[in-house]
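Colleague: Knowing the structure of chain Y, use the given hints to seat chains S and U on it.
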Amino acid sequence: MGRPSAFAQYKTLLAKDLRQEFRTREMLTSMGIYALLVIIVYGAALALTARGIDIANMGGGLLWVLIVFTSLLGLGRSFAHEKEQACMDGIMLVPLDRSVIFLAKATANILFMLAVEVITVPLFYFFFMSGQPVAATFFWVVAPLLVGTIGMAGIGTMLSTITMNTRSRDVMLAILFIPLIYPLLYACVTATTAAIAGTEFWTDFFVMPLVLACGYDVVMLLVCWVLYDFVVSA
Amino acid sequence: MVEKKVRIPEAGQWPDKLALPALAAGAVLTTVGFLMAFLFAAPVNGAALDTPELVNGVMVTHQQLISQKIFYFHMPVAIVSFVMLIFSAYYGIRFLTTREQRFDTCSRVAMELTLLFVIFTMVTGDLWTRFEWGVWWTWEPRLTTYLILMLIVIAYFVMRNSIDDPERRATYASVISLIAFVDVPICFMITRLIPSSVHPVIAREGGMTPDMAATVLVVMIGMMLVAFGLYRLRFREARLAERLQALKDQLED
Amino acid sequence: MNPILADIYATVIPSAPFIIAAYAILWLALLVYVIKVVSGLKKTEAQMAVLEEAVRAKEGGVSR
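Chains Y, S and U are the protein sequences, given in the same order. Position one of the first sequence corresponds to residue 6 (this note's numbering), numbered consecutively onward. Position one of the second sequence corresponds to residue 116 (this note's numbering), numbered consecutively onward. Position one of the third sequence corresponds to residue 164 (this note's numbering), numbered consecutively onward.
Bound conformation, chain Y alone (with noise of 0.2 Å):
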């Protein structure tokens, strides 16, 4: 019986994500009700102008708040569960490429991003946007939020790994993550924007940014699968 393919290891670390997940449903619930607390805060913090704001343009920006500091939380405790257990031992004692373990945790990050946008992005809608019709573009914003979860994921999975055994081991993450996605956030919230506002000249603050910030991702995940062994390994 040989060693089982890298693909077949991948599929394995991210069941054992998802399916603890399912069982626990710890994560989603407190990412889910971090997200609304943070349009709480928003409430508050938009009350005096809420009726003369142009919800339209800073939408875009306020939403990717919501979701860099919902990542922040969800990354955090990413590895938490590893470290608990020592789970991180057990694994490692697998003779395994370790950029598989970054794999699977990356897309396991990217998933349960993923569904928390699924619920905050129409909560946000819901309380802030109904006023307003939706312009025709609107479904755009499904793809600059994919391409800046799938970046946020991937980096903040590296960051993640890092930071787990350092002391104030989140305050780390926070200062490392959010320089570095500087870039990623300000393409994403330009293209979110833009598709929120659907006016005439979208496209040209659509496009630019959405194919840089794939560059950012496809440049990002690869000096972070690389550097992965690395990492895991100290």
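Honestly, the hints are just simulated from the structure, not real lab data. In this text the structure is predicted, and so the values were computed from the model without any measurement. Note that CB positions come from ideal geometry on N, CA and C, so glycine has one too. Please note that a few of the clues may not be correct.
[Stated by the list, open to error] Distance windows between CB atoms, simulated:
1) Y:K16 to U:I188: 55 to 61 Å
2) S:I269 to U:S202: 55 to 61 Å
3) Y:I45 to S:D368: 56 to 62 Å
[Unchecked claim] Covered stretches of chain Y, as calculated for chain S (at least 3 residues, CB under 8 Å):
4) 165–178
5) 190–200
6) 207–213
7) 227–237
Modeller: Positioned in the frame of chain Y, the structure of chains S and U alone reads:
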């Protein structure tokens, strides 16, 4: 099978003898550049005048700006800071491939100098922006990218302080320096390429005249020499501190 | 002064404090850093000398 011996950098070698002369040469060159900036390079044109005027036999059609003179130091320090980041990432790669702790020291010292020169870039850029545009901060590509770089380098040092195991600390630090090295050009490109009102691309008018280019070159070489001299000095101090610690540990046994 | 000449050089005096501040901060910061590194070097070298003395004394005491 003979293993190739890895040459690791050490303090007190021949580059150290060059350190102080390099520092002195750098100081001289930057002073020369400073004088050149004000006496040699022509001032840059600002807003157009209503009526041109003959000054010293030359027709002057614009307001003459001397605030642009900050640029002669702003660009060289920006470039030197990025060069230092490249060195830090290079030593990071060397560490990851050889596991020699010495490379981690080199990487850390290079990062310190990156931080120093990034602060210079931000200070000069900020003061220039304050005068030209009347605001203390604009989210333009260069300033934003250097702010992000500064935050990443600060995060690097915070992370180094929060890990005690030297091997792990060095590994994580090398990885972060590599990720930073990849991320900063991307950040610069993205903020430059995406049209936005919040991140205005402050276009420099035209190219550089020869006298401007000469001044920038002089200051750049001077700053590189200063950076080299500082790097060797700081590396010597770091190495000495390490040997001190090793001796102390030896004494305690 | 000729009003047009005054207009040509209108931005010089307002911008002077910023330029001076920029160069002065740069120069001061570099000076501070160099002083910090050199004094750190001197202190560490002094500690080194003390330690070497201690090692020599210890080995001198043992090998007697």
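Colleague: For every hint, state whether the structure bears it out.
Modeller: Consistency of the hints with the structure:
Y:K16 and U:I188 have their C-beta atoms about 57 Å apart, which keeps the hinted 55 to 61 Å range intact. For the pair S:I269 and U:S202, the supplied restraint of 55 to 61 Å is violated, since their beta-carbon distance comes to about 24 Å. Between Y:I45 and S:D368 the C-beta distance comes to about 60 Å, which sits within the given range of 56 to 62 Å. With 7 residues having a beta carbon nearer than 8 Å to a beta carbon of chain S, the region 165–178 of chain Y meets the requirement of three or more and the stated coverage holds.
Three residues within the 8 Å Cβ limit are the bar, and the region 190–200 of chain Y against chain S gives 3, so the coverage statement holds. Proximity of the region 207–213 of chain Y to chain S, defined as three or more residues with a beta carbon under 8 Å from a beta carbon of that chain, is established by the 3 residues found. Counting residues of the region 227–237 of chain Y whose C-beta sits closer than 8 Å to any C-beta of chain S gives 5, which meets the bar of three, so the coverage hint holds.
Of the numbered hints stated above, the single one contradicted by the structure is hint 2.
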